[in-house]
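Asker: Taking the hints into account, I'd like the entire structure generated from these sequences.
As they're listed, the protein sequences go chains W and C. Take the first sequence: its position 273, counted from the start at 1, is 273 in our numbering, and no numbers get skipped. Take the second sequence: its position 16, counted from the start at 1, is 16 in our numbering, and no numbers get skipped.
Treat each hint with caution, since some may be false.
Each pair of labels, with its calculated beta carbon distance range [stated by the list, open to error]:
hint	chain 1	residue 1	chain 2	residue 2	range
1	C	Val55	W	Thr378	24 to 30 Å
2	W	Arg177	C	Val55	32 to 38 Å
3	W	Leu301	C	Leu94	26 to 32 Å
4	W	Pro68	C	Glu88	37 to 43 Å
5	C	Asp10	W	Val89	51 to 57 Å
6	C	Lys78	W	Val340	40 to 46 Å
Examples of chain C residues lying across from chain W (beta carbon under 8 Å, computed) [unchecked claim]:
hint	residue
7	Glu31
8	Ala38
9	Leu52
10	Arg108
Calculated from the structure, these hints are not laboratory results. Quick reminder that beta carbons are idealized off the backbone N, C-alpha and C, glycines included.
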Amino acid sequence: MRATYEGLLRVAHRQALEMVGRVGADPLEVAAGWTAVLSATRRHMEWFSWELETRDLALQIGSREGDPPLKALARTVGAAADLLATQDVVTATAFDHHGGVAAARRAVATIVSVAAGAALRALESAGAGQSALQVSICGHLRTVQSELQEIASLSTTLKLGALGNLATSMPAASTERFAAIGYLASQWQRDHEQVPPASLLTRDLRSISAQVRTAAGHSRFLIDALGSSAQRLGLNGPMLTDLRAISSILRLADHGAVRASAAWQRHVSDLGGQTSLPGEFTFAELHSLLRDAVSTDGRVLPANELIPSQATAKAILGAVDEMLHSAREVSRGQRDAVAVLIRSGRLFVSHQAFTRMDPSYVRPSGPTGRQQGSWAWTTRQDRFAELTSALGRVAHCLSRAAEGCRRLAGTTQQGRPSVLAVPAKPRDITNSISRPPLTVKGLEPSRNFPGVELP
Amino acid sequence: MKITKPANDDADRVRVVELVTRAEATVEAIEAKEPDGAWAMTAFSRYRVCELLGVTPYGPYQGELASAPADLMDEAAKIVDGFDVSFEGLSWRLALADALRSAANDIRMVTDARDV
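Answerer: Written out as structure tokens, the structure is:
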């Protein structure tokens with residue numbers, strides 16, 4: 001289960017509402033907690049190309065912990081800002097939707113102004129004699145609150161749109177069996193994405209093929225188990241049809257994977273040996289988790305033991321969703337890496353295969369090593385047709401199966417970042433969609449041009 | 001991480017390679033006959049065994065196929081346990097024995113599921 005931006009905003013909203021009446025009255029504690037909230041908000045607003053005017057409290061907080069409700073809110077607002085920061089180039093197109101950005105800005109401003117109001121009320125109701133410290137903190141809170149309310153009033157939209165569906169790059173870590181499988185699958189995908197394609201050797205590629213095949217195989221087993229439990233669990237008709245469709249697509253993917261591993265036997269770029277791919281070690285962990293989930297004592301679990309309840313079915317769907325998504329990304333990455341390797345002449349074809357394909361080919365004469373004698377060098381894509389078509393087949397089938405599974409799990413709209421690039425600074429995103437930054441105070445287009453929607 | 005393979009125990013090693021090659025060829029033949037089976041679930045552990053042992057499947061298998069590939073893997077694991085390795089090779093031996101046993105388990109699991 002991945003956290004979505006909308007989900008995090010909802011949590012923050014609830015926290016802000018519950019804060020009313022719960023904030024403590026110690027001014028320094030409140031100030032410490034509030035500083036955290038304000039800096040998280042400032043960072044968050046940067047993603048909407050909005051610079052908060054009010055400076056931080058110029059106060060020596062020292063080593064105060066900060067008021068707990070305020071700190072909790074600061075954590076949530078910060079987590080939401082991190083979520084926005086870790087999107088990749090593709091999912092970041094959600095920022096192009098100006099209505100969504102305006103709505104998100106309004107939401108954040110509303111939430112934080114509610115929190116400011118709660119803190120203000122707590123300090124003012126502290127009773128007896130207001131110290132200078134308290135007065136300055138209250139003044140600061142009032143300024144921030146009015147600024148935030150101004151920001152909130154600039155927009156009228158409430159719908160977050162695609163922005164609300166941006167999700168974290170990894171599912172939440174959990175000890176629950178199927179959630180852990182989903183998490184490890186995502187980790188596996190990440191580990192593969194971090195290896196540059198040009199550094200892959202045939203043994204790595206063969207390993208990746210075996211990993212993808214096994215992941216798809218286990219997914220298919222779980223989908224079949226769900227399908228055969230459909231009646232018992234009360235899953236509806238269309239869902240059963242979808243499950244069957246996904247199962248048959250995965251069967252096709254398996255055929256492709258078998259052809260791919262046969263094709264690997266006819267190409268090489270190294271002489272064997274052990275791979276040191278981080279993805280392989282992660283997959284070994286994932287594999288043992290999967291095995292423990294589907295079998296006990298070396299015997300496969302029958303469907304009624306594997307899926308005792310609807311809750312387990314839901315958990316399994318979530319795990320299969322993550323697994324197929326990761327398998328698709330990994331197999332796509334492999335397909336593209338192979339294309340790169342072929343173009344740079346890093347994969348060899350055996351002489352026998354070469355002669356079979358091109359009768360006019362003549363083996364080069366001259367002194368050759370024992371291994372070199374059997375393999376020929378070429379950059380022609382058509383010599384690798386069997387391999388590339390098999391890999392393409394696998395990637396295509398996994399795409400379709402992954403889409404089907406996302407529909408079943410209800411995560412179709414989730415914008416999942418795929419490549420773990422270095423998170424861009426907010427400025428980079430604004431530049432890429434060439435919007436002018438709205439940081440100049442006094443520029444309030446909604447007053448001058450009433451018909452214009454604020455970006 | 002470079003794991004060195006033992007230079008001695010050639011006869012045992014040859015025997016293990018033989019068992020593994022035979023088991024792998026058998027499973028591949030079964031897979032080819034049952035394209036819709038769940039053999040995909042064994043792919044990774046079988047690959048890991050071949051990788052650790054250095055068995056590269058570049059040529060077709062000439063010998064006779066076995067009836068119980070899982071038993072062959074288990075037998076190979078027992079022989080591997082007895083390998084005399086240097087300190088550096090210890091982790092390799094343990095990894096190989098573990099991979100062989102888990103491949104045997106997976107093969108048994110899928111055979112069992114098929115027969116049910």
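Asker: The structure should be examined with respect to each hint, and the outcome stated for every one.
Answerer: We went through each hint and held it up to the structure:
| no. | hint | in the structure |
| --- | --- | --- |
| 1 | C/Val55 to W/Thr378: 24 to 30 Å | holds, 27 Å |
| 2 | W/Arg177 to C/Val55: 32 to 38 Å | holds, 33 Å |
| 3 | W/Leu301 to C/Leu94: 26 to 32 Å | holds, 28 Å |
| 4 | W/Pro68 to C/Glu88: 37 to 43 Å | violated, 53 Å |
| 5 | C/Asp10 to W/Val89: 51 to 57 Å | holds, 54 Å |
| 6 | C/Lys78 to W/Val340: 40 to 46 Å | holds, 43 Å |
| 7 | Glu31 | holds, 7 Å |
| 8 | Ala38 | holds, 6 Å |
| 9 | Leu52 | holds, 7 Å |
| 10 | Arg108 | holds, 5 Å |
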